[in-house]
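Undergrad: In case you want the letters, here they are:
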Amino acid sequence: MGHYSALAVVREAFRDHRGWQRAWKSPEPRRRYDVVIVGAGGHGLATAYYLGKNHGIRNVAVLEKGWLGGGNTGRNTTIIRSNYLQDASAAIYEKARTLYETLSQDLNYNVMFSPRGVMMLAQTEHEVRGYRRTAHANALQGVETEFIGPGRVKELCPIIEVRGPRYPVLGALWQPRGGTARHDAVAWGYARKCSEMGMDVIQQCEVTGIRTSGGDVSGVVTTRGDIDCGKLGIVVAGHSGHLADMAGFRLPIESVALQALVSEPIKPCMDVVVMANTVHGYMSQSDKGEMVIGGGADGFNNYTQRGSFSHIEETVRALVETFPMISRLKMLRQWGGIVDMTGDRSPILSGTPVGNLFVNCGWGTGGFKAIPGSGWGFAELMAKGESPLCAEFGLDRFREGRFIDESVAAGVAH
Amino acid sequence: MLILTCPYCGIRCDETELAAGGEAHLKRFGPGSSDEEFEGYLFMRANPKGVHFERWRHAYGCGKWFHAARNTATLEVYGTYPAQVHEPPQEVLDAISTRVPGWRWKDVS
Ligand SMILES: Cc1cc2nc3c(=O)[nH]c(=O)nc-3n(C[C@H](O)[C@H](O)[C@H](O)COP(=O)(O)OP(=O)(O)OC[C@H]3O[C@@H](n4cnc5c(N)ncnc54)[C@H](O)[C@@H]3O)c2cc1C
Chain A
132 MGHYSALAVV
142 REAFRDHRGW
152 QRAWKSPEPR
162 RRYDVVIVGA
172 GGHGLATAYY
182 LGKNHGIRNV
192 AVLEKGWLGG
202 GNTGRNTTII
212 RSNYLQDASA
222 AIYEKARTLY
232 ETLSQDLNYN
242 VMFSPRGVMM
252 LAQTEHEVRG
262 YRRTAHANAL
272 QGVETEFIGP
282 GRVKELCPII
292 EVRGPRYPVL
302 GALWQPRGGT
312 ARHDAVAWGY
322 ARKCSEMGMD
332 VIQQCEVTGI
342 RTSGGDVSGV
352 VTTRGDIDCG
362 KLGIVVAGHS
372 GHLADMAGFR
382 LPIESVALQA
392 LVSEPIKPCM
402 DVVVMANTVH
412 GYMSQSDKGE
422 MVIGGGADGF
432 NNYTQRGSFS
442 HIEETVRALV
452 ETFPMISRLK
462 MLRQWGGIVD
472 MTGDRSPILS
482 GTPVGNLFVN
492 CGWGTGGFKA
502 IPGSGWGFAE
512 LMAKGESPLC
522 AEFGLDRFRE
532 GRFIDESVAA
542 GVAH
Chain B
6 MLILTCPYCG
16 IRCDETELAA
26 GGEAHLKRFG
36 PGSSDEEFEG
46 YLFMRANPKG
56 VHFERWRHAY
66 GCGKWFHAAR
76 NTATLEVYGT
86 YPAQVHEPPQ
96 EVLDAISTRV
106 PGWRWKDVS
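If you're matching them up, the sequences are chains A and B in order. For what it's worth, the numbering used here labels the leading residue of the first sequence as 132, then goes sequentially. For what it's worth, the numbering used here labels the leading residue of the second sequence as 6, then goes sequentially.
Quick caveat, the hints were computed from the structure, so don't treat them as lab data. Mixed in with the good hints, there may be bad ones.
To be verified - Within a straight-line C-alpha distance of at most 30 Å, the following computed DSS-like cross-link-like pairs (lysine-lysine) qualify:
1) A:Lys156 - A:Lys184
2) A:Lys362 - B:Lys54
3) B:Lys54 - A:Lys196
4) A:Lys461 - A:Lys285
5) A:Lys362 - A:Lys226
6) A:Lys362 - A:Lys515
As the list claims (entries may be wrong) - Rough simulated footprint, nothing fancy, chain A against chain B, three-plus residues with beta-carbon under 8 Å:
7) 12-26
8) 45-54
9) 77-88
We treat Cβ as the ideally placed atom computed from N, Cα and C, and that holds for glycine.
If we strip away everything but chain A, and leave its shape as in the complex, we get (with noise of 0.2 Å):
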């Protein structure tokens, strides 16, 4: 497919760009694959990248009932920080963190991914108490955190307004080495180099049941026929309880509209992400000058990928309180998309009732930054029947008890 360099921009700037390939192949479904995956979204794509790069399985394909990240992962707001609570979760948020800083050099695709720096501030003595608390957590878990006050605060973001008559900024956990990146270009960059390795990324092309035979899978249904496989993995977020339905099983999840607005652009005035979970809100500034504005999940189940306009209003209420510059700002685009919630806010990386059938899902309103992460540990997971990075986020641990709570340490939906 050609190497992405300078110079093959320079090269191509000489022949009009005539040179330039299909980033990927649109093939038509084989009769059978070792492993099929549901959902061409980041976190399917990036699972069959690592199987085949770190476990030799190449004869995968991944089905998409739309187009590549058209679901939560090319609508979500790109935060990436790995500053969790619990050491399961800091495990594999940080293990994708660092994948992201190399991701580009790695998949020969610019991901843009900017380490600009993730505040999360402390707008009530609760909750100093408690990012002090994670700022300790993640000293032990080797993650980079650090407590600040709210004069550095200010010193950081200078359009915050740490004085607000409400909720004053006490302070912030402030992740150095956290940030954003280009959220197309992941799943963009992933596909490139699944269909690279002989990987088959299939469009349009919807899984409407699931074939088993004795207790295990055998195949798929798909809107473009039958399609035999060894192994599922069902990484399709919203749609999981969906698909669960297909192969006779339920899920701890619940799917609800969580939604994300951005601005007219603007000239730069904030180079970090700030969270305020109190207030529930969180904004940045992307690269073409929009301001990028998230909040809270809908209560109800929804799949209309529609949110309702009182959440808007909300969080941007909030964000005016801190931001008080960005009250005459113009908002150009909203949407929202679906997110798949577990009750104790962390995903299920997962073997099913069903023999040879995977389930990846429940990142809910925080799984873009995990995606390079939950990849590495799902393939390993579908490659050799266990993974060190997944081993806590199996679907028993609701029957046992052990969960790993974070909906303390992530507030706010990001």
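Following the hints, position chain B with the ligand against chain A.
TA: Same frame as chain A, now just chain B with the ligand:
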């Protein structure tokens, strides 16, 4: 914007006046139940892309809990009814059946 009619006070309320309470008609399991039953009751949820039954509370109104039959794929509301029942009333089931041909209540439970 989601609008539901509270079956107690008859007020048409938008979602900002309501608190969502999750799946309705769950069977409660208590002491003496198996681990699987507890797990199902506490964590496993119907998450249909389509007809769904939910608990709602008229939080900023009469304060009462009620049930709603809704479609999660279209946001259509089929009806609301009091919470003191184990199954949706017949008229709600009929309303669903006319809108979603072939749908049956037993498919859900
Ligand atoms: C508004 C919003 C903001 C967010 N902000 C952040 C953030 O700042 N930071 C962060 O880390 N995370 C964030 N997230 C969460 C993050 O986007 C997700 O956790 C992550 O993208 C999930 O990736 P995925 O690959 O699992 O799912 P998806 O990208 O949704 O991919 C699943 C794919 O499966 C396909 N599919 C579904 N059903 C079928 C079927 N039957 N057959 C074939 N294909 C099917 C879908 O079309 C979809 O493309 C946000 C989410 C939203 C909605």
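Undergrad: State for each hint whether it applies.
TA: Hint by hint, here is what the structure shows:
With a CA separation close to 19 Å, the supplied pair A:Lys156 and A:Lys184 stays within the 30 Å bound. In summary, the hint linking A:Lys362 to B:Lys54 is supported, as the alpha carbons are separated by about 25 Å, within the 30 Å threshold. At roughly 15 Å between alpha-carbon atoms, B:Lys54 and A:Lys196 fall within 30 Å of each other, so this suggested pair holds. Between the alpha carbons of A:Lys461 and A:Lys285 the distance comes to roughly 25 Å, so the proposed pair stays at or under 30 Å and holds.
Taken as a hint, the A:Lys362 and A:Lys226 pair is honoured in the structure, with Cα atoms around 25 Å apart against an allowance of 30 Å. The hinted pair formed by A:Lys362 and A:Lys515 meets the criterion: a straight-line CA distance of about 12 Å does not exceed 30 Å. Counting residues of the stretch 12-26 of chain B whose beta carbon lies closer than 8 Å to any beta carbon of chain A gives 5, which reaches the threshold of three, so the coverage claim holds. As drawn, the stretch 45-54 of chain B meets chain A at 9 residues by the rule of a beta-carbon pair under 8 Å; at three or more, the given contact holds.
Judged by the Cβ-Cβ criterion of 8 Å, the stretch 77-88 of chain B is covered by chain A as claimed, because 4 of its residues qualify and three suffice.
Of the numbered hints stated above, none is contradicted by the structure.
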